[in-house]
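Student: Listed below, chain by chain, are the residues.
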Amino acid sequence: MLRRCGLWLLIVVVMLAGCTPLAPYPARPAPLTFFISGDPADEAAYRALVADFMVANADVTVELLNIPSGGDFRRRLAADFAANTPPDVFLLNYRHLGPFVARAAIAPIDGWLERSSTLARSDFYPQALDAFTWQGKLQCLPQNMSSPVIYFNRDLFAAAGLPDPAADWTWADFVTTARTLTRDLNGDAEIDQYGFGVTPSLVRAAPFVWMNGGELIDEPAAPTRLTLDSPATQEALAWFVALQTGHHVVPDSVAEAAENSLSRFLNGRLAMYMESRRATPEFRQIEAFDWDVAPLPVGRQPATILHSDAYCIAAASHHQDSAWRFVEFANTRAGQRLLAQSGRTVPSRLDLADSPAFLDPSARPANSRVFIDAIPALRTFLLLPNWSDIEGVVDAELAQAFYGQIPLEVAIRNAEARSAEFFR
Amino acid sequence: MTMISKKLCEQAVPTPRHSSLARRLRSFPLTAIRPGCASTLLWHGAALFVAMIFLLPLVWMTIASLQPVGLPPARALTWFPAGVAWSNYAEIFRVIPLAHQLGNSLLVSTVGAGVTLLTASWAGFAMAQMPPRVQRWLVGLALLLLLVPANAVWLPRYVLFARLGLIDTYVALTAASLMGTKSLFVLMYYWSFRRVSVELFESAWLDGASAWTGWRRLSLPLAAPTTLAVLVLAFSHYWSDFVDPLLFLKTAARFTVAVGLRALQQMDVTRWPLLLAAVVVMIAPVMLLYIGLQVWLRDEPDFARRVLRRAFD
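These protein sequence lines map, in sequence, to chains A and B.
Quick note: to get the working numbering, add 1 to the position in the first sequence (first position is 1).
Quick note: to get the working numbering, add 257 to the position in the second sequence (first position is 1).
Some clues are possibly wrong.
[As the list claims (entries may be wrong)] Not the full set, but computed from the structure, chain A residues with beta-carbon under 7 Å of chain B: (1) Asp40; (2) Thr62; (3) Ala80; (4) Ala83; (5) Ala84; (6) Asp185; (7) Leu186; (8) Asn268; (9) Glu283.
Simulated from the structure, these hints should not be mistaken for laboratory data.
All values reported here derive from a predicted model rather than from experimental measurement.
From the three backbone atoms N, C-alpha and C, an ideal C-beta is built for every residue, glycine too.
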């Protein structure tokens, strides 16, 4: 009896001991931790970068951790910062930077960049640097930049007798084109081919608001509320929403749920799709039809929105200097070039973006210049502590208005009311 | 309704119950259909229909996992329009370190489920031996614990494990098994141990049996179906756990298969056959465990039916 009891206990003890680390902290200097979020191809590119860095810097070990989805990545970062065990370096979009800078969780990189012998501010597009600047200090070093464009199916354009979109096409041209391309092919009173596909979110609608001379918040220096109800903003949002509710050139909520716009575009049943550079590698696999990119249709003034990720260094990191050496290495011409090979992003370095490395004429889209030409008109969302929350509220309301579930005025009123707490 | 007609049907056609071979045959669906008994047919038809509802997604997943990569997503269920790509199953082991992650998952799930069996059955046994008043309070407490949302404990647990220096170890992943993983498992044991008659224990105590013998020799053998159910549930809990490895592990080499799957999910939709191939590989061990236990359960062929009948009565 006793012997059997002892045996059971032994099994439990062995099982527990098996998963206890014998030496939790190794003697060699702790490695630099570097968090990213991406698919296996992204991860492979960053692994190559890390490997190159460790060859050139034998005294530093970098441990890369890929936390697959963006939402999980931010959850993990929040937990790590709460427990005061943040990664030394991590990649973050400026739209999610607010909570971190507001709590001074990020070590500004101004000083290192000034002293650097290999990098200078003038190497990078100022629009990207501005997006990561908080109270006059550059927080993180932007690695890439992108902006939304119109991907279009050239075969569907040709079949409808339409030329490629002109560089200066207007909102009215855009609606006419989209209406022409929205077709019921078999006469069953159901639309089989849509003219346009877009995610109904603030980040997609914002360029049109700015093009129309509207603003999203009242006072850039000290914002107190959203200004979605100002005439110019409301007019632009109404135009955006009417693409679905009025012109029906975008799939409605049921059609979108049945098959999303991205899948429709890939299958050649949606003529124009609004997306940033990130869709390019996926669209390069399309063999059934020819496609290219066109700029956003022009409003009263040129404007578009920046998408950008940057390398940030945690304020609580114990290896800030080695962390900077890694960030510095990653943003040299060679480092950024390695990451730009995927075709998913536009490099943030002037000497790389506007060069054959990015504008490779043999790779689709043929008209990659559209991304470079949009740079002077780039604008950004403000770096606010609660910006992600504000965006979430507006997205939810805007989507309801876009799919005709509530009137736009109600959506705007709701968004303003629900976002008020995030401005305090 | 079906149950009642089934019972009538059984009374009308007496079945040989003495031979174990006949019992085995009887548990096989087709041989159970007897002439003149339409309700049996109806019963099996309904059972097959329900099984189909659950099987169809698995079949579709397997078919979709064999489509070649790079094609736009299909609109409807299609039978191999572009050929069968067995290579997907080799490719996933190259895209992510799947073999390594499967090994990690197997370790975590085996330890987690094994410890859970011990702790949950101990706790359930202790509960069943307590005075009825205390039992009621403990059941209430266990139900209350079940209502705590999982994401409410992420941060407290993270901070706790960080203080204890357990971050980036498998102890953090399996620590919950020391508490029976979920109070549901404790309750499952409690409910089945409570059915063991008090007289049985009283005579055991009189014979000088210890609490250990009471648990090991009396209660546990009588609760074998519960043990199997808890084993499957606990194993699949640790096997499919995604958030804990994501939060508590720092070294990519220690990641489990659920995190690997999430990485594949980030790929473009044109590469999703790879994701589905990995899902098939991930589901396979749990399916095998389940089928294995089903075969084991056939030593007691009427088990499932008895449980259902009890539920209906």
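Student: None of the hints should be skipped; say for each whether it holds.
Tutor: Structure-based check of all given hints:
no., hint, result
1, Asp40, "holds, 4 Å"
2, Thr62, "violated, 12 Å"
3, Ala80, "holds, 5 Å"
4, Ala83, "holds, 6 Å"
5, Ala84, "holds, 4 Å"
6, Asp185, "violated, 17 Å"
7, Leu186, "violated, 14 Å"
8, Asn268, "holds, 4 Å"
9, Glu283, "holds, 4 Å"
Checked against the numbered hints given earlier, this structure breaks hints 2, 6 and 7; the rest are met.
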